[in-house]
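Participant: Next come the chains, spelled out residue by residue.
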Amino acid sequence: MIRKMISGVVGSGVALGFASTAFAQAALIKAPTAAQQLTMINKGDTAWLLVSSALVLMMSVPGLALFYGGLVRTKNMLSVLMQVFMIVSVAGMLWATVGYSMAFTTGFTPGLTPYVGGFSKALMRGIDATTAATTFSNNVYVPELAYFVFQMTFAMITPALIIGSFAERIKFTPLIVFTVLWSILVYYPIAHMVWYWGGPDFMKDTPNEAGLLNHWGALDFAGGTVVHINAGIAGMVGCLMIGKRVGFGRENTPPHSLTMTMIGASLLWVGWFGFNAGSNLEASGVTAVAFVNTMLATCAAAVSWAVIEQVVHRKPSMLGAASGAVAGLVAVTPASGYAHPMTAMVLGLVVSPICFFFVTTVKNKFKYDDTLDVFGVHCVGGITGALATAIVASPALGGQGAADYTKFPYVAAPYSISAQLVTQLEAVTITLLWSGIVSAILFFVIDKTLGLRPTEEIEREGLDINEHGERAYNY
Amino acid sequence: MIRKMISGVVGSGVALGFASTAFAQAALIKAPTAAQQLTMINKGDTAWLLVSSALVLMMSVPGLALFYGGLVRTKNMLSVLMQVFMIVSVAGMLWATVGYSMAFTTGFTPGLTPYVGGFSKALMRGIDATTAATTFSNNVYVPELAYFVFQMTFAMITPALIIGSFAERIKFTPLIVFTVLWSILVYYPIAHMVWYWGGPDFMKDTPNEAGLLNHWGALDFAGGTVVHINAGIAGMVGCLMIGKRVGFGRENTPPHSLTMTMIGASLLWVGWFGFNAGSNLEASGVTAVAFVNTMLATCAAAVSWAVIEQVVHRKPSMLGAASGAVAGLVAVTPASGYAHPMTAMVLGLVVSPICFFFVTTVKNKFKYDDTLDVFGVHCVGGITGALATAIVASPALGGQGAADYTKFPYVAAPYSISAQLVTQLEAVTITLLWSGIVSAILFFVIDKTLGLRPTEEIEREGLDINEHGERAYNY
Amino acid sequence: MIRKMISGVVGSGVALGFASTAFAQAALIKAPTAAQQLTMINKGDTAWLLVSSALVLMMSVPGLALFYGGLVRTKNMLSVLMQVFMIVSVAGMLWATVGYSMAFTTGFTPGLTPYVGGFSKALMRGIDATTAATTFSNNVYVPELAYFVFQMTFAMITPALIIGSFAERIKFTPLIVFTVLWSILVYYPIAHMVWYWGGPDFMKDTPNEAGLLNHWGALDFAGGTVVHINAGIAGMVGCLMIGKRVGFGRENTPPHSLTMTMIGASLLWVGWFGFNAGSNLEASGVTAVAFVNTMLATCAAAVSWAVIEQVVHRKPSMLGAASGAVAGLVAVTPASGYAHPMTAMVLGLVVSPICFFFVTTVKNKFKYDDTLDVFGVHCVGGITGALATAIVASPALGGQGAADYTKFPYVAAPYSISAQLVTQLEAVTITLLWSGIVSAILFFVIDKTLGLRPTEEIEREGLDINEHGERAYNY
Amino acid sequence: MKFIIAIIKPFKLDEVREALSNLGVAGMTVSEVKGFGRQKGQTEIYRGAEYTTNMLPKVKLEIAASDDLAPRIIEVIQQTANTEAIGDGKIFVVDLVSATRIRTGESGETAL
Amino acid sequence: MKFIIAIIKPFKLDEVREALSNLGVAGMTVSEVKGFGRQKGQTEIYRGAEYTTNMLPKVKLEIAASDDLAPRIIEVIQQTANTEAIGDGKIFVVDLVSATRIRTGESGETAL
Amino acid sequence: MKFIIAIIKPFKLDEVREALSNLGVAGMTVSEVKGFGRQKGQTEIYRGAEYTTNMLPKVKLEIAASDDLAPRIIEVIQQTANTEAIGDGKIFVVDLVSATRIRTGESGETAL
Ligand SMILES: Nc1ncnc2c1ncn2[C@@H]1O[C@H](COP(=O)(O)OP(=O)(O)O)[C@@H](O)[C@H]1O
Ligand SMILES: Nc1ncnc2c1ncn2[C@@H]1O[C@H](COP(=O)(O)OP(=O)(O)O)[C@@H](O)[C@H]1O
Ligand SMILES: Nc1ncnc2c1ncn2[C@@H]1O[C@H](COP(=O)(O)OP(=O)(O)O)[C@@H](O)[C@H]1O
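Protein chains in written order, with the working numbering: chain S, 1 to 475; chain C, 1 to 475; chain V, 1 to 475; chain U, 1 to 112; chain P, 1 to 112; chain G, 1 to 112.
Keep in mind that the hints were calculated from the coordinates and are not lab data.
Treat the hints loosely; a few may be bogus.
Claimed, not checked - 27 Å max Cα-Cα, derived BS3-like pairs, lysine-lysine:
hint : chain 1 : residue 1 : chain 2 : residue 2
1    : C       : Lys244    : V       : Lys315
2    : C       : Lys365    : C       : Lys315
3    : S       : Lys315    : G       : Lys40
4    : C       : Lys204    : C       : Lys30
5    : V       : Lys315    : U       : Lys34
6    : U       : Lys40     : U       : Lys12
7    : G       : Lys12     : V       : Lys244
8    : C       : Lys315    : S       : Lys448
9    : G       : Lys40     : P       : Lys12
10   : U       : Lys40     : G       : Lys12
11   : S       : Lys244    : S       : Lys363
12   : S       : Lys367    : S       : Lys244
13   : S       : Lys315    : S       : Lys363
14   : V       : Lys315    : C       : Lys448
15   : P       : Lys12     : S       : Lys367
16   : G       : Lys34     : S       : Lys315
17   : U       : Lys40     : V       : Lys315
18   : C       : Lys315    : P       : Lys34
19   : S       : Lys244    : P       : Lys12
It should be emphasised that the depicted structure is a prediction, and the values quoted were computed from it without experimental measurement.
Bound conformation, chain S alone:
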């Protein structure tokens, strides 16, 4: 049965010391009532979770929008900004309408529970200022609305990541339609499979109340699988099905503003602390672990990308450093709460050469036009991170290991790198297949009905003026 669960803690003994400062005196309560849960909320945690949510929003707008936007040509700048802004907005509304419920409730029938949630919380039924959500510590709760909005920001940024693969050549409305369908058919199920569970105070009694990959014990601290691999493969499929840009390989398409890309990368970095350290859901020592790991992996990956460029081209570039930073952030995401800071740093050093190989050699060899390297950075970086998590999480390497939540209070689970690697590989594979196949079907259907691609003339003249009636700059 359940062998290990996603967890943000060391062994429970120590973690309890941390988490329960305020309750040091009180004994732990199994399966607390709703009213009891309210007394288990710490305002420091609430503050942290809300701040983290704001930080993750900042990752999308303006962060991701600028990181991507700076890399396209002037004539398509607004189309990228607009796509990100609108996807974020539409995905946000959808989350409140059905998404949260489909991701974070039990299945419509028990047989569906491993795959997708039901509609019991659709339209936010039953969620208010007085309901609480579980964390990864026994008897530590947060306001459910804080948890709701934190998860919402993840559901908002993920579909926005996809667009980088086929930037500069997609029609706006069909893209929004894709976003809606993809969220429902891919994001919510995958999020459910990886993140849904009953919580540490309840798993002993209801050990099957969990998504499939969660049940298997896949480790994904902050969304390497759900966010990055998921979006990365969808982007790749889109880029292949939509085809290359007009003039690809013949015309120069230099980034119109690396300044914007640098701002975007920086804000991604800053916001990612909300993403990774926020994913611990509380403000504990483990949160600081995730924070430090995020910092170090990013520094290391930025440096190692620059070093490769120095070696290969003799010119380390700003775009390289920014790409490296993002690759590091992606790779450390699933590992952030599990790794020792020193292994997180090594992970950062390693991921950049791998991504560099994909965005240069592999991409040039197979000549696909992944405009902004969503596959090369997010998917490849995400897979690297997901697999590496099996290694760096190992207590033998100073990692936090995994917890056995079928005990109450939970205890450290036995840890085997090789077994965990298999589980991680399974989780990666399922995500690649599910997202890849469903995305392919969606792109195909939308292309046949609404059409995905603007005319060549529109593409030449730019999406900004044709799709949005504006120009980005009038200096």
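Starting from the known structure of chain S, fit chains C, V, U, P and G with the ligands onto it as the hints suggest.
Facilitator: Positioned in the frame of chain S, the structure of chains C, V, U, P and G with the ligands alone reads:
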């Protein structure tokens, strides 16, 4: 007497469970002493309030400055940035000197208490690391300096909002003079009328210790009246009195950088969580309500503005989405802590068409030159939100209702949408009149003395080079 | 022996009321064990410290990078962004490797303790989710990793500040080598001298466990000496040794984008709350003091710089306001937790004229090419602040005074402005000499080996294309 | 045929274009230039550094026209772009040897 | 010698340049301009304000060439830049009196 | 009258302008252009994509001058803009048919 008060809570029963986690054991103390108040401070609340203050500053600089600046022509870019930067700085100093005292102390004479505070805390007398300020929960306090600086950021951004109405045609120094006088004669009194009160632990004994509109029971969670309607009408008056830009209606005046406007709108969105959710003054479940409402209203308003444009022009624009987002933020501001998330979303959907109608049809019909649509977005959006608050706050619609603070501990007050609508309308009217009339007088006097408008030649050549001796860009 | 220590509190009596809300019942424990320390962690403090760390990172990227980058010519924009981004990343990795240990552990031998730490925590040995760090309050602890990463962000930004002095004319790789050596030989020792100590619960028993300047009682709340004077003098030395830019004084070198500089200055302002108020390490009333002081000094300095320009040139400039804001932030840094808000405001008013005099009159007279005025703003502003701290910290002027941590619990120490001024002067002098001399040696050695300066042709054509193979803009 | 090169103040562009349209001028090519002449520029000050450049933003019009129309074009520009202030600009004329419309390959006056 | 001024659509630049290279044209000077002609521009809408400008982005090539080469240059440009759509542009030719290479001081056709 | 078109390296602009001022040249018009010629450009690399463009930033001067002054202008430009490195640029001259000052309507050499 006092029927209902601004409140950030449901019924007190439940709220207490939230707010007083740490004090669950202790009985509530009526009118606690200063020393007792210190023990009622929670560091999670302090952290949240300070973070919120930083977020609100980020809304002004760089947020608002970029949102506005991107929309003007290159030659006036720095003038907008500089006006925002300096207004913020001057208003900040003024707040410490007299503003806080005029807004948040009892009147110089008891008869003045409904209208404006006195000077007892001028120059920050008596405020230090060991004084506390009340929140909306019984026996929950925050460091007074944290409250001071949070409110300070509101006093800083409000006069900066005004400038959008007459951007590209105002002299710098007279504008700063206007800022000082307007803060003293309009902002502090209105802030006092809406927000000043004795606090939940004291109102039972001193029920008259409150500003006029607060006493009436006007609901304004985070400043729709004080900030947006107040600034919006002042801007409109200024735009009418200063007159149209040279070449208005004849020459093209496209935004010089929608990229900057998008960055600005995004940072406004991110920062607005400090504004709205920070206004709860503590990090509780209600804070999460305000946070979620802010998120959903913004998503909805961005989408609905884009949809109208799609319908009307067939081209949804980035500027439209950004304008919608800001309209949504403005509208949800007074309602943020009161509405159910689903009604907040509906409010967002509704406000954009209203503002769109004003910035297109109405503005084009009456041919006033509200350069950056401060009236159409902030004033109209603010009024929409203020009136809608009466509806969405209703417990019958899932809202938080109002609290009766004349009881100790406070209890839920009976709620009538129609009665509340009247109160809201009164508050809106008073603000429109007060700010409108006093602003008109100020603009008139300053125009006759210092002059408001630069010469036509200077206006043509641009304010940057003439007023500030610089150019924004030297590519 | 120890007369006074860096402190973030008033008299201990009152402060205790603040700090120990959660422990009000418990008696203070001297020299608590590691396990006891864990129970003295408040999640509100942890949340605040982590948020502060993210804010300080945002100061560097994108803040400082944009503030600097906007001021150089287009052809060197990316070089500045890249230098900041890479210095931050390299300094981050170095901090984890040896920096933290060299700054914040006891000396390798007791005789070294006043000057530099040892290697006991190199490679982050012994630091994990369950270790705690002291604050300035008795029995208030924070997760050590949170403290680690907060300090890390300081070690990351400081070397990045230096580059402004010789922007537009430095080779990339030698600069990175300089960064590594300077961090090890200058930053870690100075940080150790100023900030290392045993903590409030331990100093009574081990009064010599402190860095030299800390022991002397130098007051530096958030790093005026360690960060700004330290970097400022290193920059000045570099600028003199590297020489003037080609064409300096003959060719026009206007800022390529004051918009970017304004964004940078704004983000520095916002992020600096993490820097200054975060330096209190907990979320208490004193944190709010530091926050308010930061706000007011910045407002005041921005205004006073604009006023001087109005007087001297009749045109207050955006660059002036931004420079003033930064000068105010620099000056208030050492004083932020000590000053009364009104004296902080005066400090802001005073520092701008001083810096203005240096960046205009002095610089023009001596004709050194401190490209971005690192000396004139950071070093001069830092010295102004460091000396002023002796005055504004005085309880006689409403300041917080100093604490005597050789008592347990600590008590207020007697305070003499003149004596403190001498101590401050000593600290400033030691920093100027240490950093100045070591920097000179480093620049000399690197110049003779790797070479510091690109060829004239490369300098003319720009560093972006030659050193990094990119252009910032392709509109 | 003549090739007319006119340097005018940027804010006069719309007016001049309209006036030329009325005259029947079917096309022109516009570029942003910097002009150096009698007109004095503004002083820019960045911290301590003062720059006075006499390079002022101007707009350059290039118009190919038939020999008949050319004098009237010059006249119209001269009158419309005139503000009677220094720096109003110049109109230069050179002889045009040939003109070709790319779309059709036509040449001569019909190509204009 | 002739001085050829060609206005073309921006996206045709690379193609034209290549074709001219093949012809043996050693150099040219390129600038971004706005063209006004028969071709209609896109409408931009910013909130309530609608702008239709007929000023469209074009690229201007300036090529000094020997009298021999000039006709072939014109032909090549006309053929390569042609999309058979309105707005493809024009080619103007004026007589060149002299040409000087700054580096060497050479003048005449060898300077090209 | 002559119309002189000079393409020079951007960093030489200030020097050239000063030299021409000393010569008594009262005005000129300057634009930013890209030059294509013998001089090789830098390679830019963005992630996997390498761009080598031979389009290099240059500055174009346009100067209308009397027939007398023209040769001296050419000489001064040639000497001042010269760095003896490839890519220093060219000076082209065409005949000017007429010149008009917009402000006054004057034409001919007095208009320069
Ligand atoms: N000799 C010249 N050759 C080319 N352009 C010139 C010449 N003289 C002036 N100009 C252009 O005409 C503009 C206006 O000239 P200026 O001397 O300032 O005023 P005005 O035309 O009123 O005498 C200049 O900015 C420059 O662009
Ligand atoms: N008389 C003219 N003088 C100078 N440039 C012209 C003239 N007519 C057209 N042009 C340039 O040629 C471009 C194309 O002309 P247009 O009339 O739109 O199409 P076409 O060349 O296909 O007839 C214009 O945008 C403008 O730049
Ligand atoms: N035939 C030409 N027509 C127009 N401009 C030219 C021509 N040849 C060169 N140029 C311009 O002159 C510049 C310098 O030419 P280039 O061949 O690189 O060096 P050099 O002038 O030293 O021989 C080019 O960048 C281009 O702008």
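Participant: Now look at each hint and say whether the structure bears it out.
Facilitator: Results for each hint:
Proposed proximity of Lys244 (chain C) and Lys315 (chain V) is supported: the alpha carbons are some 25 Å apart, at most 27 Å. Restraint check for Lys365 (chain C) and Lys315 (chain C): satisfied, since their Cα atoms lie roughly 22 Å apart, inside the 27 Å limit. Of the supplied pair hints, the one linking Lys315 (chain S) and Lys40 (chain G) holds, its CA atoms being roughly 18 Å apart against a limit of 27 Å. Of the pairs offered as hints, the one joining Lys204 (chain C) and Lys30 (chain C) holds, with about 9 Å between alpha carbons and a cut-off of 27 Å not exceeded.
For the hint linking Lys315 (chain V) to Lys34 (chain U), the alpha-carbon distance of about 24 Å falls within 27 Å, and the restraint holds. Between Lys40 (chain U) and Lys12 (chain U) the alpha-carbon distance is near 19 Å, which keeps this suggested pair within the 27 Å criterion. Restraint check for Lys12 (chain G) and Lys244 (chain V): the C-alpha separation of about 19 Å stays at or below 27 Å, so the hint holds. Restraint check: the Cα-Cα separation between Lys315 (chain C) and Lys448 (chain S) comes to about 22 Å, which is no more than 27 Å; the hinted pair holds.
Annotation: proposed proximity of Lys40 (chain G) to Lys12 (chain P) holds, straight-line Cα distance about 21 Å (limit 27 Å). The straight-line distance between the Cα atoms of Lys40 (chain U) and Lys12 (chain G) is roughly 21 Å, inside the 27 Å bound, and the hint therefore holds. At roughly 12 Å between alpha-carbon atoms, Lys244 (chain S) and Lys363 (chain S) fall within 27 Å of each other, so this suggested pair holds. A C-alpha spacing of about 9 Å is found between Lys367 (chain S) and Lys244 (chain S), which places the hinted pair at or below 27 Å, so the restraint holds.
Proposed proximity of Lys315 (chain S) and Lys363 (chain S) is supported: the alpha carbons are some 20 Å apart, at most 27 Å. A threshold of 27 Å between alpha carbons decides the hint, and for Lys315 (chain V) with Lys448 (chain C) the separation of about 22 Å falls inside it, so the pair holds. Restraint check: the Cα-Cα separation between Lys12 (chain P) and Lys367 (chain S) comes to about 23 Å, which is no more than 27 Å; the hinted pair holds. Between Lys34 (chain G) and Lys315 (chain S) the CA atoms are separated by roughly 24 Å; this keeps the pair inside 27 Å, and the hint holds.
Annotation: proposed proximity of Lys40 (chain U) to Lys315 (chain V) holds, straight-line Cα distance about 18 Å (limit 27 Å). Restraint check for Lys315 (chain C) and Lys34 (chain P): the C-alpha separation of about 24 Å stays at or below 27 Å, so the hint holds. Simply put, Lys244 (chain S) and Lys12 (chain P) have alpha-carbon atoms about 19 Å apart, close enough for the 27 Å limit, and the pair holds.
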